[in-house]
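Protein chains in written order, with our numbering: chain A, 1 to 442; chain B, 1001 to 1457.
Quick caveat, the hints were computed from the structure, so don't treat them as lab data. You may find that some hints are simply not true.
[Claimed, not checked] List of simulated lysine-lysine pairs, BS3-like, C-alpha gap at most 30 Å:
| id | chain 1 | residue 1 | chain 2 | residue 2 |
| --- | --- | --- | --- | --- |
| 1 | A | Lys-363 | A | Lys-436 |
| 2 | A | Lys-269 | B | Lys-1453 |
| 3 | A | Lys-436 | B | Lys-1120 |
Computed from a prediction, not measured in an experiment: that's the story for all the values here.
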Amino acid sequence: MSDTHANTVAYVRETMLPQVAPPASSTGPVGWARENLFSGWFNTVVTVISLAIIAWILIGIVPWILSPTWGATSLSECREILTAAGSVGEHGTSGACWGVIRERWVQLLFGFYPSDLYWRPILSFVLMGVALAPVLFADRVPSQLIWFSAAFPFIFPWLLWGGTIWGPLAVAAGFVIGYYVFRILGAATSNLIGLVVGVLAAVIWWLFLSGYVVDALASVLPLGIEEVPSRNFGGFMLSITIGVVAIACSLPLGIVLALGRQSDLMIVKYICIGFIEFIRGVPLITLLFVASTLLNIFMPPGTNFDIILRVLIMVTLFAAAYMAEVVRGGLAALPKGQYEGADSLGLDYWQAQRLVIMPQALKISIPGIVSTFIGVFKDTTLVSIIGLLDPLGLSNAIRADSNWNGIVWELYGFIAVVFFIFCFSMSRYSMYLERKLRTGHK
Amino acid sequence: MTTLSDPPKEQFRLSMLLYDTRYRSATIQVIAMLGFMLLAAWLINNTAQNLAALGKPIDFGFFTEPASYDINQRLIDYTSQDSHLRASIVGLLNTLVVAVLGCVTATILGVIIGVLRLSKNWLVSRLMAVYVEMFRNVPVLLWIVFIMAIMIETLPSPRDFRGDDAEASMSLFDTVAVTNRGVYIPDVLFGHRDPETDEFTSWRTGLGDFPVGASESNPACASYFASEGPFAGRPGEGCGTFQISLDLMVILIVLGAGIYGARAIANRADRIQEATGDRPTTWYLRLGVIAVPLIITLWVLGFHLGYPELRGFNFSGGTHLRNSLIALWLALSLYTAAFIAENVRAGILAISQGQTEAASALGLRPNRTMNLVILPQALRVIIPPLISQYLNLTKNSSLAIAVGYMDLTGTLGGITLNQTGRELECLLLLMLIYLIVSLLISGVMNWYNESVKLKER
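The following block holds chain A by itself, in its conformation from the complex (with noise of 0.2 Å):
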């Protein structure tokens, strides 16, 4: 072909063409559906499949969601309704009973808390999110609220069990007793007698001293709210607190224990070790049982504290071991030269933990404690098995009751969507946090 054109050009282009738009087949919507949907027959044909599985999805769940049943106050009610307006499927009537949601929704959340209180839950949770901000988006947020977000676990009990306004304070007390021997001691002597001391000392004020100042202080100044007891408490408020206060506890908790795992000191690293494989290699159910049956047992005769306190010790501790292999994944995944560089400013172990490793390390392991987070907020469920009355123990009275008796998606589901908006926002503000964390190149 080269040679008979070689001497023979007939023509030769001297200017370019000039640009033309793509096919039209190519860009837009029908561009994209033919890139990403219909690219070769097999694509084609799992598409179809996928949208015939999408529409019977819909089909079936539509008609279902928009059910006239709002008012009713029993399941056959319900059933009136659905026949009334026709909606009569091959199994007898279809279509949601969001009567038994619209009845006791207020049950889910709250549990059997006095009505008359619920301003107190409802307070607490919003000063939580108060108290979070700081914590959770720092640069947005005036620096002066930390000192609410420190105070808020005392304020936060206290409103919602009740009871004297003493108590969370002398609890706080301790730890500011504790903190100002430390202090002292640790200036005039060493930090080590002085870290030692000041735990000592918190420690002897909760156990021994506490109890009398309380006593003596609220019977000259009786300052409190309505005491409310733990078996009152219930629904979602229930998983919140338990969820909240164990991931609060976990971290530092967790932290500890994996320093601890990583430490040259022998005996430290063989106690944290074990305490994180036993309680890795048990299910959690059986920590619960431990805490419903056994806790008693464990403590010094006489003592009986209350079940959800002995609930969130369990769930706490389970959180921590499974935080601490966490962090010890982010320590590990830091290049040795941050801890030499670390060493080589001077720095002595506290200090580099805190300036250069730990920023660092809970950096890389963001993802992962926020599954952690999430997965402790999803084992709060766990507590209905030992007969508390989380959403779920609720679940099950609500479909023990002769009126809703049968009832099944429209309850679950309702408690399955909470939970999904709770879980998945914290997946969504994990991802967030580590598109604004990363220093890396991008």
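Position chain B against the provided structure of chain A, taking the given hints into account.
Showing chain B alone in chain A's frame:
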């Protein structure tokens, strides 16, 4: 000239325990040890005092007492007259059954979903993302009770299968009955028997079971020790501690030998390929070596399936999988599959694009690329998190107690604990067993991980 002299020998002073980093670590460890021992002593002392006050010294004697409760789903013989120990073993086996079933299903589902999530087809990848988010963000306990409730409320009851124009019918060519009392599947039988006389109708009787720990004083073992009669050598139900199916053993041996033979043929094909460059076609030989002896063995043993049949108001025959088992199995598999899918996706994404490009440059088709190039490399990234998903599934199987499936938590940590009131012993043992199972699983999987991971110098 000054003479070099040794630096002055440092005297050990007590304050060095606090300020000198060489000695301080020892101080810290001693303090930590003391604190730990004090805490342990305090706990043990409290426990001893409390137990003494309750009048319940630690005693595992209750394990030999009759359990006097029933377990409806079980692998080995059990009656309510058996001991708590046997009930716990039945529970442990049930835990292992649901764990193994769940791990297998979750892995298959998870790999499919994880690969599909990376599909170029936008719709498919979105659908899979919705699946993963839906299952990951809702508690597994909710899925378990939800599936249980759906099975009870929406599936047909056995009486719907009755009559000429029954409302419900059995699925899969009339072999499986899905009812709200559970799923009835065909069971495996050896040796045809006459339904009237219960005697074998041909010489192909199967080998029967071997009772471990059979004693002649046990009346259930009378036929096992008898030298003649239709059931000579066959143990009755409840004979021995447990019974091993000899038929199953023979089948496993034949199957193992067949696989070994098939691998030998494949190795020979490899050698021929290396020597001559041509690979002989061996797939039918390999298939034959596995299948033919197996089919002959099954025929000789009188293998057939026993189908469930509707008798009166319920099904009889076949194997009855309770709702609780199905709900637990399904929920754990679907839930864990979402996590495994994410691990698989992460593992595949960890393989660099260059590998895919190199594979296409070699002319491999996309699914061959996935099978031969991407997945084997991704496996090394996937396995460590997969181990922890298996562990999670096994531990989550303890949620069986919410739907009444009698696993280890339901027997040892549930009814046995409540009947005997021995909280400390039962819970300690329960945790210990779970700990051992977890360590075993992670040990096995770590060994597997060692064998597949990239061998570097």
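Structure-based check of all given hints:
Proposed proximity of A:Lys-363 and A:Lys-436 is supported: the alpha carbons are some 10 Å apart, at most 30 Å. Note on A:Lys-269 and B:Lys-1453: the hinted pairing holds, with a Cα-Cα distance of about 28 Å set against a maximum of 30 Å. Straight-line distance between C-alpha atoms of A:Lys-436 and B:Lys-1120 comes to about 29 Å, which keeps the hinted pair within the 30 Å bound.
In this structure, none of the earlier numbered hints is contradicted; all agree with it.
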